[in-house]
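Student: For the record, the sequence lines run as chains A and B. Letter 234 of the first sequence, counting from 1, is numbered 234 in this note's numbering, and no numbers are missing. Letter 226 of the second sequence, counting from 1, is numbered 226 in this note's numbering, and no numbers are missing.
It is worth saying that the hints were derived from the structure and are not from the lab. Note that the Cβ used here is the ideal one computed from N, Cα and C, for glycine as well. Treat the hints with caution; some may be incorrect.
Unchecked claim - Pulled a few chain A residues facing chain B out of the computed Cβ check, cut under 7 Å: (1) F158; (2) F225; (3) Y229; (4) G249; (5) D250; (6) C256; (7) R275; (8) A282; (9) M284; (10) K287; (11) F292.
There are 2 protein chains.
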Amino acid sequence: MSKKKVIIFGSTGSIGLNTLAVIRADRQSFEVVGICANNNVDTLLSQIKEFKPRYVCVADEMSARKIMGKIPGNITFFKGEAGLLEFAHVECDISVMAITGISCLRPLWENIPCARRIALANKESIVTAGKFLFKRAAKFHTEIIPVDSEINSLFQLFNSEREFNRVYITASGGSLFDYKKADLDKVTAKKVLTHPTWKMGKRITVDSATLVNKAFEVVETHEFFNLPYDKIKVVIHRESIVHAIAERGDHTLFSCMYPPDMKIPIAFSLYYPERIFDKGKALMNKKFSLAFEPIDIGQFPGFSTVLEAAKKGKAYLAAVNGADEAAVEGFLDKKIKFTDIAAIIAKVLACCRAPEITGIHEVFFWDKWGRETAEAYIRGKK
Amino acid sequence: MSKKKVIIFGSTGSIGLNTLAVIRADRQSFEVVGICANNNVDTLLSQIKEFKPRYVCVADEMSARKIMGKIPGNITFFKGEAGLLEFAHVECDISVMAITGISCLRPLWENIPCARRIALANKESIVTAGKFLFKRAAKFHTEIIPVDSEINSLFQLFNSEREFNRVYITASGGSLFDYKKADLDKVTAKKVLTHPTWKMGKRITVDSATLVNKAFEVVETHEFFNLPYDKIKVVIHRESIVHAIAERGDHTLFSCMYPPDMKIPIAFSLYYPERIFDKGKALMNKKFSLAFEPIDIGQFPGFSTVLEAAKKGKAYLAAVNGADEAAVEGFLDKKIKFTDIAAIIAKVLACCRAPEITGIHEVFFWDKWGRETAEAYIRGKK
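Kindly generate the complete structure, drawing on both the sequences and the hints.
Tutor: Written as structure tokens, this is what we have:
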């Protein structure tokens with residue numbers, strides 16, 4: 001069997017590193033033909049040395065200039081935003097889309113005709129432009145497999161049987177779950193960034209604490225499986241072992257479980273429909289317990305704001321996404337308090353007046369509008 | 001759509017009552033054409049009044065004589081052991097096999113050609129004669145659906161996908177799980193019969209405390225799904241909500257959950273492949289937790305004895321089943337201590353020398369041999 005050609009968009013981030021760890025354990029099955037990073041040139045250089053890709057891309061111009069001289073001559077090098085879109089046209093069997101934020105949308109769009117399968121780890125693109133992306137994927141017969149553990153678990157549960165009453169995605173509750181509401185004003189970025197179960201990027205870790213991330217996953221579920229919002233529920237599950245539960249017509253529940261290690265859903269998406277990767281910990285050999293409780297919405301105003309935006313339309317989701325990105329940055333830069341994040345996205349949503357989105361270019365407009373409106377609020381705060 | 005014709009073998013027992021409760025809630029879908037009991041004539045009479053079956057059977061001769069005069073003239077009445085086998089020849093869409101113990105085997109055998117589907121709630125028949133029964137069912141195109149919650153859950157999990165690494169069936173641990181080994185000598189029948197999660201018949205409740213029941217379920221799993229014994233594991237799960245877990249090649253676990261209410265798997269087996277019954281409690285609306293721990297085999301010598309018998313052959317399983325039935329009776333009659341149950345079945349197994357079984361008549365021989373050998377030990381105890 002020939003090796004599967006893999007391209008990794010965002011190879012130096014958390015998902016990228018985990019993808020390379022999976023491939024490192026089975027060089028017989030995969031060939032890394034391309035890697036792409038934004039500005040982490042040191043890590044990228046060591047990846048080039050180890051995996052010898054034929055194509056390399058650095059999206060950030062400054063970083064690209066720094067690294068150019070060090071790239072071996074047999075490698076095709078792409079740089080900057082335009083280079084990234086060219087890099088997205090390299091043909092491959094599987095592309096792992098792990099660029100963070102809305103910046104993933106354009107390269108993903110360009111990549112759809114060139115990849116046979118996309119292992120999609122980016123949330124914002126589906127949340128804001130799912131409809132357009134799935135239509136394009138169908139047109140080019142490109143398979144999209146969700147990597148996000150909750151959506152990945154639903155994909156596994158739905159694999160056999162699509163008729164369900166209701167689905168539940170689990171939320172760990174993030175790093176501040178045990179905080180009293182009154183104390184949330186004072187929490188530091190360091191505290192918020194200490195996630196109890198998952199090791200992830202900064203924005204998603206903050207978004208886990210506000211549950212904005214979970215609300216985006218509700219939208220993702222809606223988009224991926226074409227499920228109405230009233231059939232998608234969130235349940236607090238601190239241990240992050242059960243990722244999703246599907247409830248059949250007779251209330252029987254089917255759950256999908258694996259330890260909180262992104263290598264598992266990444267490997268699933270690379271090997272599918274095979275299941276080769278067995279490097280994960282076996283859960284059942286030891287004592288463990290799983291707890292579930294209904295979510296207390298009042299504790300998480302950001303969660304409700306995102307779902308309110310979802311009901312209004314894609315432009316509103318794009319605006320809220322931009323606003324949240326700006327607000328999280330503002331919090332990490334100590335410009336605003338933790339509780340201001342939810343307050344700001346609610347304000348941005350409240351003053352948003354947007355038409356129905358007709359194409360992905362409008363997603364960028366409303367995302368930018370949301371970000372700039374949020375930034376104005378943040379400046380006002382100072 | 002025409003109503004499905006249902007016959008219930010053992011209509012006055014726990015499974016029988018639950019089956020009638022499911023049917024009572026949906027008289028549009030099912031017609032009870034026949035019911036059969038051993039000796040509980042009062043309950044049987046009220047069931048006749050409510051469900052107006054065309055066929056009624058009473059297996060116990062004495063009880064049959066008591067009830068005969070009270071049976072409406074338009075009902076065909078069967079009595080005694082011979083009558084039960086005739087009753088088993090009545091044609092139906094679904095027969096619910098809920099006669100307890102090895103006595104189920106003969107009517108089940110006779111019934112296979114006459115039922116389109118058998119909802120099988122009896123364990124002993126599969127444990128001792130699974131191979132013969134499944135061969136006969138295949139010959140007559142009779143579908144067998146397991147009602148036992150663990151096996152039923154595996155059936156649901158396997159429904160879509162048969163390739164699994166390993167399966168786990170859960171054990172509540174029964175009524176004595178928190179007892180110290182030294183205190184087991186003194187426990188009373190009353191204490192043992194108080195099962196923490198399931199309401200069931202007496203023998204199965206005692207067998208839950210010794211874990212003999214769980215070992216029989218391991219054998220049942222082996223027979224039903226043709227799985228090797230080393231792929232079937234038991235895990236302690238006190239809450240009885242997760243009934244079975246299937247582990248895929250990449251260690252991902254799929255679990256099947258419903259509250260400990262036999263109406264749920266019974267309804268599954270009646271409606272399958274539809275899922276209409278939604279009378280069960282919805283689990284996900286409230287806080288709950290699920291704990292798992294490896295089984296401490298040393299605590300449950302009866303469990304190991306049954307699996308040792310399984311490795312030796314069907315005759316040994318039949319002997320151990322007979323011995324266990326006698327020992328449980330002996331315990332309930334206060335002739336022996338709780339801990340003697342496991343000791344007696346181990347002794348019976350140790351002195352058993354049996355050939356390979358070639359047909360179901362031999363099952364009865366070895367079951368009887370086991371029972372009588374155990375009874376001799378019990379008499380020796382007095």
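Student: If a hint holds in the structure, say so; if it does not, say that too.
Tutor: Against the structure, the hints come out as follows:
Contact between F158(A) and chain B, as hinted, is not supported at the beta carbon level, the nearest pair being about 10 Å apart and thus beyond 7 Å. Below 7 Å, beta-carbon pairs count as interface contacts, and F225(A) has none with chain B, the closest being about 16 Å; its hint is therefore violated. Nearest Cβ of chain B to the Cβ of Y229(A): about 17 Å, over the 7 Å cut. The hint is violated. With a least beta-carbon distance of about 4 Å to chain B, the hint placing G249(A) at the interface is held under the 7 Å criterion.
With 7 Å as the threshold, the beta carbon of D250(A) comes within range of chain B, its nearest partner Cβ sitting at about 4 Å, so the hint holds. About 6 Å separates the beta-carbon of C256(A) from the nearest beta-carbon of chain B, less than 7 Å, and the hint is met. For R275(A), the interface hint holds, the least distance from its beta-carbon to any beta-carbon of chain B being 4 Å, beneath 7 Å. Annotation: interface hint on A282(A) holds; nearest CB of chain B at approximately 5 Å, less than 7 Å.
Checking M284(A) against chain B: minimum C-beta separation of about 6 Å stays under 7 Å; hint holds. Interface restraint check for K287(A): the shortest CB-CB distance to chain B comes to about 4 Å, inside 7 Å, so the restraint holds. Given the 7 Å rule on beta carbons, the hint for F292(A) holds: about 6 Å separates it from the nearest Cβ of chain B.
Checked against the numbered hints above, the structure breaks hints 1, 2 and 3 and satisfies the rest.
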